[in-house]
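Visitor: Using the sequences provided together with the hints, build the complete structure.
Protein chains in written order, with the working numbering: chain A, 1 to 140; chain B, 141 to 251.
Source of the hints: derived by calculation from the structure; they are not laboratory data. One should not assume that every hint holds.
Below are the DSBU-like pairs computed for lysine-lysine, each with C-alpha atoms no more than 30 Å apart in a straight line [claimed, not checked]:
1. A:K81 with A:K129
2. B:K246 with A:K97
3. A:K71 with B:K224
4. A:K129 with A:K76
5. B:K210 with A:K71
6. B:K210 with A:K25
7. A:K129 with A:K24
8. B:K236 with B:K214
9. B:K246 with A:K32
So the derived list for chain A, only partly shown, Cβ under 8 Å to chain B, looks like this [unchecked claim]:
10. K32
11. Y35
12. A52
13. P85
14. A89
Each residue gets a CB set at the ideal place from its N, CA and C atoms; glycine is no exception.
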Amino acid sequence: MGEEMTEATGGIDFEDEDASGVIKKFMFVNRKAPYGTIYALEALEVVLISAAFDQDVSLAFLDDGVYQLVKGQHTKAIDVKNFSPTYRALEGYDIEKLYVEKESLEQRGLTEADLLVDVEVMSSADIAKMMAEQDVVISF
Amino acid sequence: MATIDVNGKNYETDEEGYLLNLGEWNEEVGAYLAVEEKVEMTPSHWEVVNFLREYYNDYQIAPAIRVLTKAIGKKLGPEKGNSKYLYELFPYGPAKQACKIAGLPKPTGCI
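Guide: As structure tokens, then:
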């Protein structure tokens, strides 16, 4: 029975209580503009998938990453899908910790009102502190 | 890439039979895909399919099953927002089958 389980789950033994019960803190760090590279979209996909594993997931938006959350994105002219509405679906996936760096917003002339989802705007120092508390930080 | 022929018109699908161009979808295409999935469509089935299309329109993704059940429960009531109800309608996986019939891509995180 135990061996069957291992095979069916790709070598991961979900019956091991110690391994499955631990909730880790994951932070996904978004630093790049939404279009031009695949990073932002890939990060979003990973975040959506991570929601299935009941971990403590948060997202941080820094540098040009803050543009990912800006309202009113029109992508027709560059012929790519506007995936920004998907950030509004995160709440339904129980991913509600979205942190945006204050300095990055200010440098780009943006405020919280320009963003399409509810976020927590934090100073660079506070985000650094938050990062230090994570078990896993994945940067895109 | 593959194509399906519905009433003399060709529609492109991926290798798993998901419609490539969401905008081409209509109820006839949905009905055709349902036959392929061996699902006999009733008003309850269409309700879920239409719900999925609205969800996609709002968020640009096909929801994971857990998210779908929760969202349906909120909109159509708890007697419909549970996996038992949805699996009765779409026995081979509501997210997968209903998304295919709705012309949506395969849900992200669907394992």
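Visitor: Next step is simple, just say for each hint if it's right about the structure.
Guide: Quick rundown of the hints versus the structure:
no.: 1; hint: A:K81 with A:K129; verdict: violated, 35 Å
no.: 2; hint: B:K246 with A:K97; verdict: holds, 26 Å
no.: 3; hint: A:K71 with B:K224; verdict: violated, 38 Å
no.: 4; hint: A:K129 with A:K76; verdict: violated, 39 Å
no.: 5; hint: B:K210 with A:K71; verdict: holds, 26 Å
no.: 6; hint: B:K210 with A:K25; verdict: holds, 24 Å
no.: 7; hint: A:K129 with A:K24; verdict: holds, 17 Å
no.: 8; hint: B:K236 with B:K214; verdict: holds, 21 Å
no.: 9; hint: B:K246 with A:K32; verdict: holds, 26 Å
no.: 10; hint: K32; verdict: violated, 19 Å
no.: 11; hint: Y35; verdict: violated, 14 Å
no.: 12; hint: A52; verdict: holds, 5 Å
no.: 13; hint: P85; verdict: holds, 5 Å
no.: 14; hint: A89; verdict: holds, 4 Å
When held up to the earlier numbered hints, the structure conflicts with 1, 3, 4, 10 and 11 and fits the remainder.
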